[in-house]
Each structure stands twice: as C-alpha cells, then as structure tokens.
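There are 2 protein chains.
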Amino acid sequence: MKVIKTIQEMQAWSEEMRRTKRIGFVPTMGYLHEGHLSLVRKARELGDVVVVSIFVNPMQFGPREDLATYPRDFIRDAELLEKEKTDIIFYPDTQEMYPQGYTTIIQVKGLENYLCGKTRTGHFIGVATVVAKLFNIVKPHVAVFGQKDYQQLKIIERMVKDLNMDVEIVAYPTVREADGLAMSSRNTYLNQEERKKALLIYASIRAIEALFKQGERRAATLKEKAHEILGSQPGVDIEYVSICDAETLEEVDEIDTRGLLAIACRVGETRLIDNSILTEDL
Amino acid sequence: MKVIKTIQEMQAWSEEMRRTKRIGFVPTMGYLHEGHLSLVRKARELGDVVVVSIFVNPMQFGPREDLATYPRDFIRDAELLEKEKTDIIFYPDTQEMYPQGYTTIIQVKGLENYLCGKTRTGHFIGVATVVAKLFNIVKPHVAVFGQKDYQQLKIIERMVKDLNMDVEIVAYPTVREADGLAMSSRNTYLNQEERKKALLIYASIRAIEALFKQGERRAATLKEKAHEILGSQPGVDIEYVSICDAETLEEVDEIDTRGLLAIACRVGETRLIDNSILTEDL
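If you read the sequences in order, they're chains H and W. According to our numbering, the first sequence is numbered sequentially starting from 8. According to our numbering, the second sequence is numbered sequentially starting from 8.
Since the hints were made in silico from the structure, they are not lab data. It is possible that part of the hints are untrue.
Each pair may be met inside one copy or between any two copies, as identical chains are not told apart.
Derived lysine-lysine pairs resembling DSSO-like cross-links, with alpha carbons at most 30 Å apart [to be verified]:
(1) Lys28 / Lys168
(2) Lys12 / Lys155
(3) Lys230 / Lys155
(4) Lys232 / Lys92
(5) Lys28 / Lys90
(6) Lys9 / Lys28
(7) Lys92 / Lys125
(8) Lys220 / Lys28
(9) Lys28 / Lys12
(10) Lys12 / Lys232
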C-alpha cells in the first residue's frame, strides 16, 4: 500500500494504471468504520486495483458545522486499509485541493433543494465539486458510495450522468451496528445516553417499514409514526422526516410502488441521518 | 476522417486512443473560418490525432440571443476539416448532450462577473459546463482555444486548474481578416455597410496599442481613445471598453506592466468582441 499526497503523482499513477487495470475508488473523509470498509471490499471486487481517498473537505461544511472537530485518525485508517489490501491511499491536504485563487463550483440543481439540502446550504455543492475533482485526479473506472448518504449518492449519480464522467457509480447498502444504528464517523460524538436515544431513528425506520408492508401508503400516516417514536424521549430534535420520490427526492403524499423514507435529527449536538427505500419487495 | 455522433462511441474511441496516442482537441460551434482552422493546425502540431467538436451549445445562449439564427453548415465544415486531416468530428445533437432531466452546472465564480459576463448572464456557466462535458467525452491531452474569446479562455483555464482536469489548455492568437477584423462566425450577419463600420473596433485597438507604446498607462485616457473612434460613426453601440488585469479581469485605473484591452459592441444587430494584451514587449 502506498500513500500519495500530491495530485500530480496520483494522476500519473492512475493514467498509467488505467491502460491495463480497472481502478476501483472509494472517496472518504477518513475515521473509517465498517461501513467504509464494506465499500472498499466492494471496490476490490469490482476493480483490479483500489484507491481510497481520505480528505475532510472544507467546502462541504457550513460555517456553523463541525469541520474543526470532525474526527481524524490517519494512522488507524491506514492500518485498516492495509488489511483490506488497498493499493493507494490518496491523502491530499487542503492547500493541495484548494490552492489560493480557487473559485470553481459544481451545482446539481433540483436534487440539492430537498432533505439535507434545505438546512445544509451549499453542502451538496461542496460534495459534487470535491467528488468531480477526485474523479479527475483518481480517474477510476468504478466508484462505490454508501446508500446511507442517499441524497449525496443521487446527486453524484446525476452529476456523473450530466457531465458525461466516464465512471460507474455503485451504491452499497447502509452498514449498521449490531443494534441497528447506521454507522457514521459522527457516532463518535455521542455520549452513552445519546447513543441509546439515537436508536430511536432505526426504530422509526423499522416501524414505518412494518406499516408499509401492511399496506400503508399515505405519507402523513407513515411520517406520524416516526414523529411519535422520535418524540418519545427528550433530546431528540427532528430536522425532517421525509417520504419522497426515490429519484427526484420530491415529497409525495402517497407512495406508489417505490419511495424513500429519510430522517435527519439531532441527538444532543450530533446530527444523524438514516433512510430506507420503501418498495413492494421490502 | 470519421464523424461520431454519440457520446458512448466518442468515449470508447478516445479511451482506446489515449493508450498510445496524444489527443488534440478543438471544440467549436461550427461555421468554421480560418481562425478555427488555425486552432486545428495547432492541435495537429501538439497531438498525434485531432478531434474537432461541432456543437451549437444552447446553454451558453441567453433567451434573447441568436441561438435559432446562429449560422450552421455542417457539409462545408466537414470539407474544411477533412483538408486539415482531422481524425474525428464529434457532432452530437442537443438531445445527446442535454437529455431530459439534465440539471448540472459548472460556475467559475469571479471571472464570470466581468466583461461579457455583465450582460450575458449565465453565458459562461454554459461555456464552462459544455467544455467540461466535452473534455469528459473526448478525453483530450491538449485542447486549443482562440484568444479572441479571451474571457472564455481564462474561465476554462481556471476551471481546468480548479477541477484538476488532466488536459493542457493552449491559447492561440486571434486570426484576422486582411483588413484587421477579428474572424468570427457572427461576421456573416454583417451587411456591407456594417462590415465597414466593424473595422472601427480594430482601429481602436491599434490606436490604443500605439498610445500604450508611447508610454500611456492611464486606463481612462486609453479608453477615451476607443470611445472617440467607435463613436465617430452612427450604428456602432459600445457595450464596453475595458482596461483590466489580464488574469483576474478586474478593471484597473492604470496598467502596471501588463493589461488586457477588451471591447464589445454592437454593429447594427450584431454583437462583436475583440481584445489585445497590452505589454511592454508589444
């Protein structure tokens, strides 16, 4: 395993490698957990060589968000990636990615207006822009993204299609702790009490999935169930519970055959998200 | 020479070609003139194979601009490109480039606010976006742009740098008619009388260059000369005469060692632009 820190070296490696090998890629912000490692395993399955990037992207954090405190542990990350037989860790610093005079943005209009985009202004511009940069640097044939960040996934799929980026986007299901909490680097912010309360999110999802299986299709009824469960304990502040079209992310009143349930809330100071695709074959 | 109309075929050709050859690229909107052909020759000099795209990009036209009437003559263009030993003409239709559901834009902030960007709202978003798409489709090693569209050139250079696109941008000097008029597909709009009046643009540029050589560095004095010349005949409406920093495009009061003179005006209904870099070694 090799650690590459400059764009020039990464591009040269990838350009050479592309001639004969299929490059699998997993972009991350580090502080890796089993969710990330599942993506790496998927990338290894789909590619001949695997590149993982670790970059905490300032452009996707709002001014009142947790850029400064976002957890980082490169040595541990590198050990985990070594075990997964990662070929390259691309590990640039902020100056390398956003040198002085930087000014270009990519905006995926429409999709960014819903769900997390409503409160996290500019977040998805930051995500789309850094992913485009990383694709141009790593030149992957295939890139794997977690379904846990569902809106991010849809925005990247759209950007790749719209801008004719020659890379295949593969979605990987959310990986959960034994008790159901969706894995996230931000779970580390939770104290013991908050950690318990955070389980209400998955409890809501399971309850709504059960209602859906019983035939309930009305969004209001489904959402009410989540509000009931999430509201059952103090210290869980709902940002949104959304039932929406799984492709356009527009709110629906009633699910036809397929919809997205997406939840964002704050447990203490920690913002957590989770989701589930509601389909007939659930 | 081959004409390719689909993105998929173009990408496959380029991906294969990149392994062994250097790809030179010239993006155009067609209706080719000697200016374009000079870019093609330059691309041939810098690459082993040459791709020229012909696509009148709706995204870069404003609602009251000349998209519908923009001159087109594919057969003539193809003959000219054949003579220049072009390998591939990439000739997609609008549906291929912007299928239903298209929504992504690229914005190079800052640079787009000056010169033509002031009146042509969204124009440079359209330019940056289509050029990024074409780069992802054609995968060139080197792309050649005319200096006549100076702001476009600077915006593309900035986008390529910011988004880490692995393509070299080469600028080529403005090609002029025998009497000095900068070549442009839009010159075809001019009637005989307008064609004569259009010469005032280059006359202004030459006069300002002469003043600059004599040591004049004050922007106001230089601009006054252009207003005097362009205003000497009715039917020439000045949109701007700008003396600005050649990199940031910000207006300057006085040129230090290097500046850009840029002019846009309407002659009758036709909008024409021209420019000159004012440097000590002019």
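A quick look at each hint next to the structure:
Taking the closest pair of Cα atoms, Lys28 and Lys168 come within 30 Å of each other both inside a single copy (23 Å) and across two copies (26 Å). Taking CA atoms no more than 30 Å apart as the test, Lys12 paired with Lys155 passes inside one copy only; the shortest distance there is 28 Å, against 38 Å between copies. Taking the closest pair of Cα atoms, Lys230 and Lys155 come within 30 Å of each other only inside a single copy of the chain (19 Å); across copies the shortest separation is 58 Å, beyond that limit. Taking the shortest alpha-carbon separations for Lys232 and Lys92, neither the intra-copy value of 43 Å nor the inter-copy value of 68 Å comes in at or below 30 Å.
Within a single copy, Lys28 and Lys90 get their C-alpha atoms as close as 21 Å, which meets the 30 Å cut-off; across copies the closest is 38 Å, which misses it. In this assembly of identical chains, the alpha carbons of Lys9 and Lys28 lie at most 30 Å apart whether taken from the same copy (17 Å) or from different copies (29 Å). For the identical chains of this complex, Lys92 and Lys125 are neighbours neither inside a copy (39 Å) nor across copies (52 Å), given an alpha-carbon limit of 30 Å. Taking the closest pair of Cα atoms, Lys220 and Lys28 never come within 30 Å of each other, the shortest separation being 44 Å inside a single copy and 57 Å across copies.
Proximity of Lys28 and Lys12 under a CA criterion of 30 Å is satisfied in both settings, with 21 Å inside one chain copy and 28 Å between copies. Taking the closest pair of Cα atoms, Lys12 and Lys232 never come within 30 Å of each other, the shortest separation being 48 Å inside a single copy and 52 Å across copies.
Checked against the numbered hints above, the structure breaks hints 4, 7, 8 and 10 and satisfies the rest.
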